[in-house]
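Asks: Listed below are the residues making up each chain.
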Amino acid sequence: MAATTESVKADAAEAPLLNKTNLWAGIALYLVFYSFIRWYEGVYGWSAGLDSFAPEFETYWMNMLYIELVLEVVISAALWGYLWKSRDRKVMSITPREELRRHFTHWTWLVCYGWAIYWGASYFTEQDGTWHQTIVRDTDFTPSHIIEFYLSYPIYIITGVAAFLYAKTRLPTYNEGLHLMYMVVVIGPFMILPNVGLNEWGHTFWFMEELFVAPLHYGFVFFGWAALGILGVLNTEVMAITKLLKKDLA
Amino acid sequence: MSASQSAVRSRAEAVQVSRAFDWMILFTLFTAVLGGYHIHYMLTGGDWDFWTDWKDRRLWVTVAPIVSITFPAAVQACLWWRYRLPVGATVSVLALLLGEWINRYMNFWGWTYFPVNFVFPSNLIPGAIVLDVVLMLGGSMTLTAVVGGMAYGLLFYPGNWPIIAPLHVPVEYNGMMFTLADLQGYHYVRTGTPEYIRMVEKGTLRTFGKDVAPVSAFFSAFVSIIIYFLWHFFGRWFSKTDFIADDAS
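As given, the protein sequences belong to chains A and B, one line each in that order.
For the first sequence, my numbering gives the first residue as 6, with consecutive numbering after it.
For the second sequence, my numbering gives the first residue as 15, with consecutive numbering after it.
No wet-lab data here; the hints were simulated from the structure.
There's no promise every hint is true.
[Stated by the list, open to error] Taking lysine-lysine pairs in the DSS-like style, the calculated list, with each CA pair at most 30 Å apart, reads:
1. B:Lys-254 with A:Lys-251
2. A:Lys-251 with A:Lys-95
3. A:Lys-248 with B:Lys-254
4. A:Lys-95 with B:Lys-254
5. A:Lys-95 with A:Lys-248
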């Protein structure tokens, strides 16, 4: 009886397997932040974003670019550095229950990563199309580019690398080496950034129609395919979780 | 706790854990496929999908199925062969359409003021359902590629025709015969519209579907078969669980 009471007390004191507060906070963080960004675009895109030679363009758009670039470097260094410095050096000796808890935390990262991919690759990328069909570009740093290339893409790269680092440093599943598809998922989007350079170089030197299906853009397509690497990560996770549960759920 | 023990304390908890993972996996898969598929589709078939007057062209009937059968084939290759879930194509297409609809409302209409009836996304759902059903009933990748892939290409135009039919109503404008879709494009000129589309083709009835649309759809269906095969194998490759040796570990 006493042992049972102690066990129940221990269970009650134990951290939950899935920290739902962190999960919803992660989703809400991106939603609120990007809603603010969309509001900013709506207000300052038309009023200050049409002419890159105008003083107000410098105030509202170039300053935003400088601020976001600095913040991205600082946040990625701090986040990735923290995940690496606080790594578990005895990862192979954790209990199955702790491992399961960490898989939930890993999936909280992956949910945020999927959510960040949506905003970057879907929402702000197609948005760029509508802006350039309406406003002729006179600089590489148009309002839609300052959000798409230099804000939303880095955010999903930062999130993806953080998820990868969490898995690598805290889960026994990923201890045997570098997971090929995880690398594809994380490095693929990163390679979009060099392609941004090619894209802007092309648009600068060739007067082009704003055709979305122009071959100059195919590099983005190729690296977009890397998102499918999530299938390999999913399969690995399902195998690991099934092994941990050891229960017939049929 | 021994390594041979379960991480959960009861079957009920195992079920609860499993369901929680299901939702998190579904959300991540849906949003990641949405992002990858959307960037792929908008940069390979996008212009023909953005504008109603471009949807009036035969190239739309030809290009849209060929470039859109890619992700459905790849996701099927994982969800069917690993989990026997015959929903890969439908999930992919629903993800793409959700992303497109949000964009057309929030950005095309909400930011740059294009009317939604000028920019609505193409309907890919009938082809995706058939692709999944053929795989489910046949259980064969070859059958799905040949029959499902062909159906995917052939169903695209009739699947959209009820939506675009009203925009094919002919109107006379400044002495020229237009479609309603053409007239919309004439009044909402885009900076990137190529001259040959904007000026040359405009105002002729040869942009109607008529007898050339089925011919274009058949060509599209044949190419869709090949693209299905190719992307099925891409999907299998992306589903790998291999590790690269890590010297640091």
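Asks: Could you tell me which of the numbered hints above are not met by this structure, giving the numbers in increasing order?
Replies: Structure breaks no hint.
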